[in-house]
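Single-letter residue listing:
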Amino acid sequence: MLSAILEQIVNGIVSGSVYAIVAVGMTMIFGVLRAINFAHGEYYMLGTFGAWFAIEYFDLPYPVAIAIGVIATAVIAVVVGKFVMQRIVGAPPETGVLATLGIALVLQNTVILVFGGGYKFFSGGYIEPVSIFGFTLAEQRVLIIIVCILVFVGLELMVTYSRMGKAMRAVSQNIECCAVVGIDVPQVALRTFILGACLAALSGVLTAPVNVSVYGGMGEIITFKTLPVIIMGGLGNVRGTFFAAMILGIAESLVATYVGLQFRDTVGFATLLLVLMWRPHGLFSAQARF
Amino acid sequence: MMHKLDRRAFCFAMGLIGLGAGSIDAWAEDGAIRLGIVAPMSGPNSRYGSYSLRGAQLAAEEINSAGGIGGRKIAITSGDSQGTPVEGVSATRRLIDLDKVDFIIGDVSSSVTLAMQPVAEDAGVLLLNAASSNPKITYAAGVGGFKWTFRNYPTDENRALIVIQYAVEKRGFTKFAVLSVDSDYGRAAVDFTKKYLPGLKGAILTEDYYKEGEVDFRSVLAKIRDSGAQAIIMYGNADTTPIIGRQMIEVGLAGKVPLIGNAEFNTESTIKAAPKALEGAVEAAAWLPAWDAPRSLAFVEKFKAKYRETPNNHAYVHWETVHLLAKAIEAAGSADRAKVRDELSKIKYDSAMGEVTFDDHNQARLPMILLQIENGKPAIKGAYSAEIKYPAK
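Which chain is which? The protein sequence lines are A and B, in order. Residues in the first sequence are numbered from 1 upward in steps of one, following the working numbering. Residues in the second sequence are numbered from 291 upward in steps of one, following the working numbering.
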């Protein structure tokens, strides 16, 4: 019984890690641009497609495919960032909603047009099971947890010590003041956006081996799983996002086991409702950003 | 005044032309037996519609070149349902009112067929379904209500019963876990399984339904593993099966607990994704091009020669159903609808899948092919049939 619960908690941590890597990008973009990026799941999808393309058409090994998936997404993010996201800075909130929803549609349907709407089979990755604490786990999942920890340690260091991280924090606090003291706000916005998109792509490539199917609409479900995470974590709060993602992952896993799989997707939004009722600024922060 | 008269004259003239055109149309192919095929010829399911029509046309050609039925040829008119009930009903009306068909075969999609039933009933036109699997269609036919609806296709209930019967009787399983898609299809198939399970002395230990697009099954698979179930009953989406297969390998279910039901276990890409998990999987199919019966193989050859593609299930069932109808017309000695209907209800027809007879709900008793994945390849384990128990009135 105890080991069964332990196993479900580990399962939850794995799915929590995936949510965390995607959500942290989304929450950072919100911090700087003040816009929920509804196209975030699409970068997850693009990363996966990039890696799938590299494996399927050029027969490249999985680690190279990871790099290609992330780089391809970065290139697209530069274009979208330059032409759309930079213009959202300081614009009224509905601009961000419309622009990102529009981008989501364009990206999704472009991929469907180019590669077709059918499900593709992702053949890369390390799917052999390994045994830990008496239960088995695909190697890929261990990799996901390790990468998640590295990403968060890295981000924490970056926003605390690096110049770009400090600029990001500054922009998220007060855009006008940043402009006054000479911080290049559009540049910071663009970089944050590219970083966020790349993290989403990385998460997509890492989960592709265990999720197997690759298709144009796969990003949507990720966007909607990520929304409750970033709101629970406190919009713009990196550390909060990590814990919120883990809580959601573990709660979902336990509900799927002990209540029923069909109730799994309700967990995120039920928690979200509770959080919005009692702690609308998120579970972990009063004001903190980054 | 002049203007009014003109318009009246114009309407009258148009009416005459219309009548003339109508009657010309109705008598154009004098003596031919008119058969309407309602199928999705456009829209997302148009591939199925095209197979259906081609199958039917091939059968009509064979019958006509052999001299027709008692000297009368079959003339096929195609109606496009677009896969939606609304369009299906208008296509059916057009076939009945304008094309004056005597018989209709259609549709592929169950919801369309359900909508067509009352239309055919009102007009007293025989509706012979060849490809819809929703059990409701024949629950409401024959002694259940619609006298003019027949179905020559196994239902989801047949499938569920055949699969579970095989699992219990041939494989010796008694403890099952359910993991199906959360849709009408997935839930209904499990309900039918439950209807027959007590009679087979089997039990369901856990029951879960997944949302379309779900990708994380580790939790539920671990629960199934710990429950001690011997097989997983799965009526699901083809695209989800590889994901579940992979995760079965991860949690240590693969090779121990097989999947049974229907979610494209036998396609090559699915097996390739998780060979160990799909080993021993059991699935029932209405027909397969590989089915080893002379009549079936001959059909595949003819279809390939004519259309340069391998026929699918829909092509076969429409081809076979046109032949079945022709046999009923021949036995009736005329194309009189009521006589053909009576002949149909007592017909004994030798199809490529075995003998076809209809029960009192006008549902064909049809065997299904059982496939089991052995050494990474689907192996045909024979054809099985099952008698449906209708609820007592």
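Mixed in with the good hints, there may be bad ones.
Claimed, not checked - Taking lysine to any residue and the SDA-like style, the derived pairs with C-alpha atoms no more than 20 angstroms apart in a straight line are:
#1 B:K426 x B:L404
#2 B:K546 x A:P129
#3 B:K566 x A:L137
Calculated directly from the structure, the hints in this document are not laboratory data.
Tell me, in ascending order, the numbers of any earlier hints that this structure violates.
-> Of the numbered hints given earlier, the structure breaks none, since each of them holds.
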